[in-house]
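Chemist: One-letter residues, chain by chain:
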Amino acid sequence: MSDLDKAIAQLRACRPIPEIQVRELCYKARELLIEEGNVVGVNAPVTICGDIHGQFHDLMELFRVGGEVPDTNYLFMGDFVDRGFYSLESFLLLLCLKVRYPDRITLIRGNHESRQITTVYGFYDECLRKYGSANVWRYCCEVFDYLALGALVTGAATDLEPTEASFANAESEASQPSTLDDVEIEILNSNNQILNRFPRPKPSSDSEVGSPAPNRTGPAGTGASGSSGGSSANRSGAVLCVHGGLSPLIDSIDKIRLLDRKQEVPHEGAMCDLLWSDPDEIDGWGLSPRGAGFLFGADIVKRFNYINDLSLIARAHQLVMEGFKEMFDNTIVTVWSAPNYCYRCGNVAAILELSEDGSNAGYAPRSNGDVGRRQERQGLAERDATGEHAPGPGRRYRVFEAAPQDSRGMPAKKPVADYFL
Amino acid sequence: MAAPQIPNLNTLRGRTRLRGGLRGRGRGGFGPEDPQSEEDQDAARDKIIQQTDNDASSSRMSAVALGYLDDEYARAFIQGQIPRRYPIINRGTYVRTTAIDRLVDNFLCQEPSARKQIISLGAGSDTRFFRRKDVKNVVYHEIDFPSNTEQKISAIERTPLLLNALQSTLPSPADLQVSAEKTALASTTYNIHPLDLRTLASPELGGASSPPQLPNLDPTLPTLVLSECCLCYLPPEVTTSILQRVSNSVISPTAPLALIVYEPIRPYDSFGKTMISNLASRGIHLQTLKKYSSLDAQRLRLKHAGLVDGQGARDIESIYYGEGEEEWITPEERRRIEGLEWLDEVEEWRLLARHYCVAWGWRDGDGDGVFSKAWGGVAGSRTAAENADDEML
Numbered sequence: 001m002s003d004l005d006k007a008i009a010q011l012r013a014c015r016p017i018p019e020i021q022v023r024e025l026c027y028k029a030r031e032l033l034i035e036e037g038n039v040v041g042v043n044a045p046v047t048i049c050g051d052i053h054g055q056f057h058d059l060m061e062l063f064r065v066g067g068e069v070p071d072t073n074y075l076f077m078g079d080f081v082d083r084g085f086y087s088l089e090s091f092l093l094l095l096c097l098k099v100r101y102p103d104r105i106t107l108i109r110g111n112h113e114s115r116q117i118t119t120v121y122g123f124y125d126e127c128l129r130k131y132g133s134a135n136v137w138r139y140c141c142e143v144f145d146y147l148a149l150g151a152l153v154t155g156a157a158t159d160l161e162p163t164e165a166s167f168a169n170a171e172s173e174a175s176q177p178s179t180l181d182d183v184e185i186e187i188l189n190s191n192n193q194i195l196n197r198f199p200r201p202k203p204s205s206d207s208e209v210g211s212p213a214p215n216r217t218g219p220a221g222t223g224a225s226g227s228s229g230g231s232s233a234n235r236s237g238a239v240l241c242v243h244g245g246l247s248p249l250i251d252s253i254d255k256i257r258l259l260d261r262k263q264e265v266p267h268e269g270a271m272c273d274l275l276w277s278d279p280d281e282i283d284g285w286g287l288s289p290r291g292a293g294f295l296f297g298a299d300i301v302k303r304f305n306y307i308n309d310l311s312l313i314a315r316a317h318q319l320v321m322e323g324f325k326e327m328f329d330n331t332i333v334t335v336w337s338a339p340n341y342c343y344r345c346g347n348v349a350a351i352l353e354l355s356e357d358g359s360n361a362g363y364a365p366r367s368n369g370d371v372g373r374r375q376e377r378q379g380l381a382e383r384d385a386t387g388e389h390a391p392g393p394g395r396r397y398r399v400f401e402a403a404p405q406d407s408r409g410m411p412a413k414k415p416v417a418d419y420f421l
Numbered sequence: 001m002a003a004p005q006i007p008n009l010n011t012l013r014g015r016t017r018l019r020g021g022l023r024g025r026g027r028g029g030f031g032p033e034d035p036q037s038e039e040d041q042d043a044a045r046d047k048i049i050q051q052t053d054n055d056a057s058s059s060r061m062s063a064v065a066l067g068y069l070d071d072e073y074a075r076a077f078i079q080g081q082i083p084r085r086y087p088i089i090n091r092g093t094y095v096r097t098t099a100i101d102r103l104v105d106n107f108l109c110q111e112p113s114a115r116k117q118i119i120s121l122g123a124g125s126d127t128r129f130f131r132r133k134d135v136k137n138v139v140y141h142e143i144d145f146p147s148n149t150e151q152k153i154s155a156i157e158r159t160p161l162l163l164n165a166l167q168s169t170l171p172s173p174a175d176l177q178v179s180a181e182k183t184a185l186a187s188t189t190y191n192i193h194p195l196d197l198r199t200l201a202s203p204e205l206g207g208a209s210s211p212p213q214l215p216n217l218d219p220t221l222p223t224l225v226l227s228e229c230c231l232c233y234l235p236p237e238v239t240t241s242i243l244q245r246v247s248n249s250v251i252s253p254t255a256p257l258a259l260i261v262y263e264p265i266r267p268y269d270s271f272g273k274t275m276i277s278n279l280a281s282r283g284i285h286l287q288t289l290k291k292y293s294s295l296d297a298q299r300l301r302l303k304h305a306g307l308v309d310g311q312g313a314r315d316i317e318s319i320y321y322g323e324g325e326e327e328w329i330t331p332e333e334r335r336r337i338e339g340l341e342w343l344d345e346v347e348e349w350r351l352l353a354r355h356y357c358v359a360w361g362w363r364d365g366d367g368d369g370v371f372s373k374a375w376g377g378v379a380g381s382r383t384a385a386e387n388a389d390d391e392m393l
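Residue numbers (our numbering), protein chains in the order written: chain U, 1 to 421; chain A, 1 to 393.
Be a bit skeptical, because a hint or two may be false.
Calculated pairs, DMTMM-like style, for lysine to aspartate or glutamate (alpha carbon to alpha carbon, straight line, at most 20 Å) [as the list claims (entries may be wrong)]:
id : chain 1 : residue 1 : chain 2 : residue 2
1  : U       : Lys325    : A       : Glu72
2  : A       : Lys133    : A       : Glu72
3  : A       : Lys273    : U       : Glu322
4  : U       : Lys325    : A       : Asp269
5  : A       : Lys373    : A       : Glu72
What the simulated footprint calls covered on chain A by chain U, stretch by stretch (three residues with Cβ under 8 Å from a Cβ of chain U suffice, anywhere in the stretch; the number is not a length) [as the list claims (entries may be wrong)]:
id : stretch
6  : 71-77
7  : 266-272
8  : 276-284
9  : 297-305
Cβ-to-Cβ under 7 Å is the rule here; a few derived chain U residues that face chain A [unchecked claim]:
id : residue
10 : Arg12
11 : Ala13
12 : Tyr27
13 : Tyr101
14 : Pro289
15 : Arg290
16 : Gly291
17 : Gln318
18 : Leu319
19 : Glu322
20 : Leu421
If you are wondering where the hints come from, they were derived from the structure by calculation, not from laboratory data.
For every residue, glycine included, the Cβ atom is placed at its ideal position computed from N, Cα and C.
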């Protein structure tokens with residue numbers, strides 16, 4: 001067993017590793033991350049996760065529900081630290097996994113991966129408490145500066161191959177369409193039971209009248225008909241993953257690539273906006289109540305997706321009680337992966353699975369390693385760019401609740417959530 | 001350095017004892033442990049509630065230290081380091097204090113020459129009397145458990161700032177009397193009564209056969225009763241009975257009377273359910289929460305308590321964000337507040353703020369409508385948002 005595997009085992013038991021190992025780990029991680037661009041290329045299949053916030057036991061639950069690294073290819077959209085009691089163990093475990101399986105896990109930066117925010121929201125104090133000095137906090141902050149700002153997922157299938165999962169209850173089963181073709185969205189609970197399933201709207205010639213289609217009505221010549229050629233053209237537009245959202249200073253993904261990211265998150269500017277902004281039901285841009293970043297409306301998202309040939313933006317950053325929330329005709333989704341956030345909010349969490357393009361019958365092999373990535377990339381270059389909007393990928397959401405506090409024999413400090421007394 | 005994630009160690013202190021007590025009872029005769037008596041368990045439960053005051057005073061200190069609130073007296077009730085709370089807690093403390101100050105000040109500024117009275121239930125280490133020491137013609141009463149009043153009186157005695165502030169309201173220093181056990185304080189302006197509120201309930205609910213006499217309390221004066229997270233810890237029937245007795249015998253049935261409560265609401269959504277179970281695990285039971293679960297239930301409760309001339313209620317979220325007729329906090333002030341700290345948790349803030357309310361109700365009695373004049377212009381009636389809330393039930 002290598003030192004790294006030992007560290008992973010120790011961290012999985014929710015025990016911190018010695019300071020000297022942290023230093024070494026952070027050094028290796030930086031060497032790896034410096035090679036990544038500001039926008040990391042990721043090939044489907046991939047499981048996209050939102051905020052973790054030091055809720056270590058819930059991160060273990062996430063791996064139970066979504067599969068272990070390296071079997072599952074993961075993309076974490078930042079906010080690993082702060083608020084929860086185990087920011088240190090959570091972040092170091094993810095970092096160990098990154099160093100051990102660099103092609104099977106992608107970490108991008110959230111607004112909490114910052115020196116200033118971590119001194120307010122707990123990570124700094126946690127490091128001080130667990131190591132007696134701020135060294136480990138400093139090592140981690142140096143890694144934060146090297147984390148990518150976004151990721152671009154390509155090669156995701158437009159349709160979900162339905163799982164063999166059963167329905168969670170008869171009611172939801174009865175409301176399902178009779179055919180299982182072209183499932184666009186599927187929602188599963190943590191026991192792998194289907195909660196709901198939505199087919200993709202079909203061209204009128206093939207329509208199932210009265211089917212409970214989601215309210216996705218793209219302009220003519222787009223959406224379902226856009227990729228034409230029936231089952232073989234199964235390639236969706238790319239998915240941009242970023243922690244917060246868009247910036248008025250960024251109109252193309254290439255502009256993100258040009259940023260100098262290796263610094264503390266600035267108080268304003270494009271890099272700050274990518275980590276802080278939120279979508280909102282407004283036109284154009286608005287001021288953010290968070291004091292950093294902006295609010296942006298549907299018109300901004302649709303234009304950005306069109307210009308950049310995206311079918312979807314996946315982002316995190318905002319607590320959503322149902323774990324995920326699609327907005328603006330399914331052009332942007334918020335994924336939130338911290339159940340019962342701060343041990344207080346009572347929300348469920350979700351992860352988003354995008355499966356691989358249907359070239360091997362839609363089954364996404366969860367194999368170790370890197371096989372097939374290069375070919376997929378070439379596929380991207382040939383991608384039909386004539387459609388106004390690329391069809392969205394099939395999306396499988398797995399919704400899960402907080403892990404029981406004393407689960408799996410790991411130490412668990414009884415959380416004390418703040419109220420007004 | 002204080003860790004902000006574990007801010008409530010003080011309120012946990014009583015918990016161990018409670019658990020010991022329950023274990024003793026649950027496995028009575030099992031092992032050498034002495035089973036605790038019912039009284040001991042009740043005392044342990046009471047202690048937890050008494051210690052919620054530590055939580056409140058820490059929160060207030062944190063908000064003062066960061067500039068949310070201006071309160072030079074808060075420090076006197078904090079031992080050791082200044083606690084640090086999360087931005088959403090600081091903001092909530094600010095809104096709570098500011099909203100109640102507005103209602104109290106609207107009352108106090110009516111006819112400054114007319115005498116008035118304030119009774120603060122479960123006042124703990126509250127500083128409102130000291131912050132309003134320059135308002136004339138007010139008699140202030142605070143009621144709390146003896147253990148809390150003792151702490152407060154000792155803080156006043158050892159802190160010249162508090163003592164001088166108090167004495168500046170008195171005709172002569174000799175006017176101030178402190179009981180031998182140091183649990184009671186009496187004067188013409190400020191009184192601290194060591195009293196378990198439950199003795200105010202009717203005898204069949206465990207109260208005293210006649211309501212206890214409180215020194216310097218004038219049953220004929222226009223009286224404002226404050227309950228900031230106090231009555232909600234008692235059983236609903238006890239709370240109702242206390243309010244009845246206050247409104248019919250502690251205060252004369254014809255005197256103008258008003259009540260302001262600050263309490264949690266909305267127990268039925270997932271945040272509310274989590275709140276109930278989180279606090280229960282600390283031994284804190286919000287006993288009236290389900291009965292007064294909505295703004296409308298709060299208004300109705302005030303009306304049924306005989307405060308028939310007007311009732312209002314708003315949650316903390318709408319108090320913070322309200323505009324126009326609904327404005328409690330000016331846009332400039334909101335900008336100032338939002339500039340004090342980065343508040344990243346906007347969704348969490350709204351969630352938390354929706355689960356607390358300020359409710360107020362009054363009767364004008366035989367008076368000249370002092371409360372109607374004070375509060376008639378404060379928007380507090382039913383809103384469209386409440387209709388949506390009701391549909392959830």
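Chemist: If a hint holds in the structure, say so; if it does not, say that too.
Modeler: Evaluation of the provided hints:
1. U:Lys325 x A:Glu72: Outside the cut-off at roughly 45 Å; violated.
2. A:Lys133 x A:Glu72: Holds, because 12 Å separates the two Cα atoms, which is no more than 20 Å.
3. A:Lys273 x U:Glu322: Distance ~16 Å between Lys273 of chain A and Glu322 of chain U Cα, so the pair holds.
4. U:Lys325 x A:Asp269: Roughly 19 Å between the alpha carbons, so the hint for Lys325 of chain U and Asp269 of chain A holds.
5. A:Lys373 x A:Glu72: violated, 31 Å
6. 71-77: violated (count 0)
7. 266-272: holds (count 4)
8. 276-284: Our answer is that it holds, as 5 residues pass the Cβ test (under 8 Å) against chain U, meeting three.
9. 297-305: Since three or more residues must qualify, the claim that chain U covers the stretch 297-305 of chain A is violated, with 0 doing so at under 8 Å.
10. Arg12: At 22 Å from the nearest chain A Cβ, Arg12 of chain U fails the 7 Å test, so the hint is violated.
11. Ala13: violated, 21 Å
12. Tyr27: violated, 27 Å
13. Tyr101: For Tyr101 of chain U, the interface hint is violated, since the closest Cβ of chain A sits about 30 Å away, which is over 7 Å.
14. Pro289: holds, 5 Å
15. Arg290: Hint on Arg290 of chain U: holds, closest Cβ of chain A at ~6 Å, below 7 Å.
16. Gly291: Constraint on Gly291 of chain U satisfied, holds at 5 Å.
17. Gln318: holds, 6 Å
18. Leu319: Interface hint status for Leu319 of chain U: holds (4 Å vs cutoff 7 Å).
19. Glu322: violated, 10 Å
20. Leu421: holds, 4 Å
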